[in-house]
Amino acid sequence: MLFRPYGSATQAGTAIGDRLARCVALLITGLLVASANSLEAAPVVLEGHDEYVYMTSVSLDGRLLVTASGDNTAIVWNVANRESVHVLDHDAAVYAAVIDPQGKQIATATGDGHVTIWNARSGTQIRRVKGHTDAVYGVAFSPDGKLLASAGGSTNGGDTTCRLWRSDDLTKVAEFAGHSRQVYGVAFSPDGKLLATSSSDKTIRLWDVTTREFRTLQGHTSDVYRCRFSPDGKRIATASQDGSVRIWSVHAGNLEHTFEGTKNNPSYAVVFSPDGRRLAAVGDDHRLRSWSVEDFRLQSDRELPTRALYAVAYAPGQSHIVVAGEDGNVYLIPQVAPAANP
Amino acid sequence: MTTKTCATLSILVLIAVTTALSFVLAEDDAPSADVVSQGEVAPAKVLPEPGSVVVDREAREILLSAKVQFPEGKPCINEFGQRIQAFAGCARAADGDAKMAGYFVFLVDVETEDVFNGLIELGCRPRVHYSIHEGRKRSGLKPETTLDDYLQGDPVVVSVLWKGKAGTWVEKPYEDFATEQVKVGDKHIEKPWTPHFVFHGSGAIHQSGTGCIACPCDCPGGIIADNRYPIYDPKPMVRFDMSKAPPPGTQVYIRIRPISSRSP
Chain A
0 MLFRPYGSAT QAGTAIGDRL ARCVALLITG LLVASANSLE AAPVVLEGHD EYVYMTSVSL
60 DGRLLVTASG DNTAIVWNVA NRESVHVLDH DAAVYAAVID PQGKQIATAT GDGHVTIWNA
120 RSGTQIRRVK GHTDAVYGVA FSPDGKLLAS AGGSTNGGDT TCRLWRSDDL TKVAEFAGHS
180 RQVYGVAFSP DGKLLATSSS DKTIRLWDVT TREFRTLQGH TSDVYRCRFS PDGKRIATAS
240 QDGSVRIWSV HAGNLEHTFE GTKNNPSYAV VFSPDGRRLA AVGDDHRLRS WSVEDFRLQS
300 DRELPTRALY AVAYAPGQSH IVVAGEDGNV YLIPQVAPAA NP
Chain B
0 MTTKTCATLS ILVLIAVTTA LSFVLAEDDA PSADVVSQGE VAPAKVLPEP GSVVVDREAR
60 EILLSAKVQF PEGKPCINEF GQRIQAFAGC ARAADGDAKM AGYFVFLVDV ETEDVFNGLI
120 ELGCRPRVHY SIHEGRKRSG LKPETTLDDY LQGDPVVVSV LWKGKAGTWV EKPYEDFATE
180 QVKVGDKHIE KPWTPHFVFH GSGAIHQSGT GCIACPCDCP GGIIADNRYP IYDPKPMVRF
240 DMSKAPPPGT QVYIRIRPIS SRSP
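First to last, the sequence lines map onto chains A and B.
Everything in the first sequence is counted per numbering that gives the first Met the number 0, starting at 0 for the first residue and increasing by one.
Everything in the second sequence is counted per numbering that gives the first Met the number 0, starting at 0 for the first residue and increasing by one.
What the hints contain is simulated information worked out from the structure, not anything from laboratory work.
Errors might be hidden in some of the hints.
Stated by the list, open to error - Straight-line C-alpha distance at most 30 Å; calculated DSBU-like pairs for lysine-lysine:
{"id": "1", "chain 1": "A", "residue 1": "Lys262", "chain 2": "B", "residue 2": "Lys182"}
{"id": "2", "chain 1": "A", "residue 1": "Lys262", "chain 2": "B", "residue 2": "Lys243"}
{"id": "3", "chain 1": "A", "residue 1": "Lys262", "chain 2": "B", "residue 2": "Lys66"}
{"id": "4", "chain 1": "A", "residue 1": "Lys233", "chain 2": "A", "residue 2": "Lys192"}
From just these sequences and the hints, can you work out the full model?
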């Protein structure tokens, strides 16, 4: 039979069976997520900032944590005993702070255009440069730790140039210009060959560090905040004022998946788990969500007793995830095992 | 039926009709104190079309078109809290999407800069304005605080008006939607929200991009602030009561009347 307008009884039965199976699968997934959420342990809260926390970064060995805050400080924390080790004072709001891959240096970026390098162990300032004429919102170390990228700007554009510095003495190495509005996120690919910048002009640019040529990723309908490469370098994830979190193919330069959101609840930050299997995001609705990167299913969804969340980072070993935001607290959240796919 | 009986019945019917009408009117709209005009009497000469600002030089006011939204879960909505984001703000600012649009109860459909320009056109003047970055430096009351550490400008009066179910125009002062909480000794007490709103213009002059129009604290992100306190610190503890606002999706209008300074 070639023409089956409504399908045969067997096909219809199969379709119903498929739907039923999908329903059961969704139900089980929901129950697993719900039960995982209900079993979640209470987060450890680190108190120390008096203002919003904009960014957090964990050292590769998992020992140190640094947080950047609007109270003009960055705090270095000992992850093991949960105590602050150093308070790094600045003259302006600190919008970004990262630890280098060796765990020896910390780079911070501030609202008055400065980029500063600190000794992670002693907490002393090594070098400071007025690298930008406007606020600096993002900094990132190259995978070998030898280079540092920084970028920022203002709402009317301003200094949106991403600058590349030698991390030992902050000598400028290169500039990447072109975004029409401020740049909120910078990230190096794991091989160090690409530099990603995400901007309020709704685009992401993937720059070749050597040639300075770039490709543009378009699709977000509003400002793009932080961006992060996956550990294998094949994907990049972005968070946006349009509420969505998106995953892009680095090689093809196209959109792979959109985790939808609403404009009233912008997404501010994303991070891949160290094994690359999960993606976590936070935003204005003070929820921490994580999805499987393999099938894009929601694995956990947790509301925190706080206000908007601006920062998220995985602690290596995946024993916990770090989030922070508008209430100034830093939350270390124990990770539950991801729900098995039914 | 005697004339006396007829008269008694007429009076009873009249009382019944009057009572019924008063119930209908009471259920239809907010308390009569909020009603500035009844029936089809327009509350302004011209109301703005969506996406436009009416600058009425004769009435010395600007009118903005807005929609009500319910910013569920955001600070100060139906519960006491502190926030820097305005209750009335624009969907767009500084040529982009307003960063705080999700926080506003009254979402205005023009850019913050258009609201700013409308007030300037009326002769309303900002005096002390800062970028958010500069505002943070001047935050809080300190021994070295000076007059210039407060946002300043001509005072303004803000109100919200909308058409009720039966075509009756309702207008409420902006501050009537919220209640303030203060601490007296160990006890928290409620009081009317009594802000002192001034047009400092910072959000437009320094292009903050927040979209905020009238903020419940002294914040340079918007263009109008309650400057009773120093910048950012302390923030008043307020609660916006959504039941005092019309339902989400309702078309409303924001009226801003400045008390403009005049040069000698």
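Hint check:
For the hint pairing Lys262 (chain A) with Lys182 (chain B), the CA-to-CA distance comes to about 36 Å; that exceeds 30 Å, so the pair is violated. A hinted pair counts as satisfied when its Cα atoms are at most 30 Å apart, and Lys262 (chain A) with Lys243 (chain B) qualifies at roughly 25 Å. As the CA atoms of Lys262 (chain A) and Lys66 (chain B) are separated by approximately 15 Å, the hinted pair is consistent with the 30 Å bound. In summary, the hint linking Lys233 (chain A) to Lys192 (chain A) is supported, as the alpha carbons are separated by about 12 Å, within the 30 Å threshold.
In the structure shown, a violation is registered for the earlier hint numbered 1 alone.
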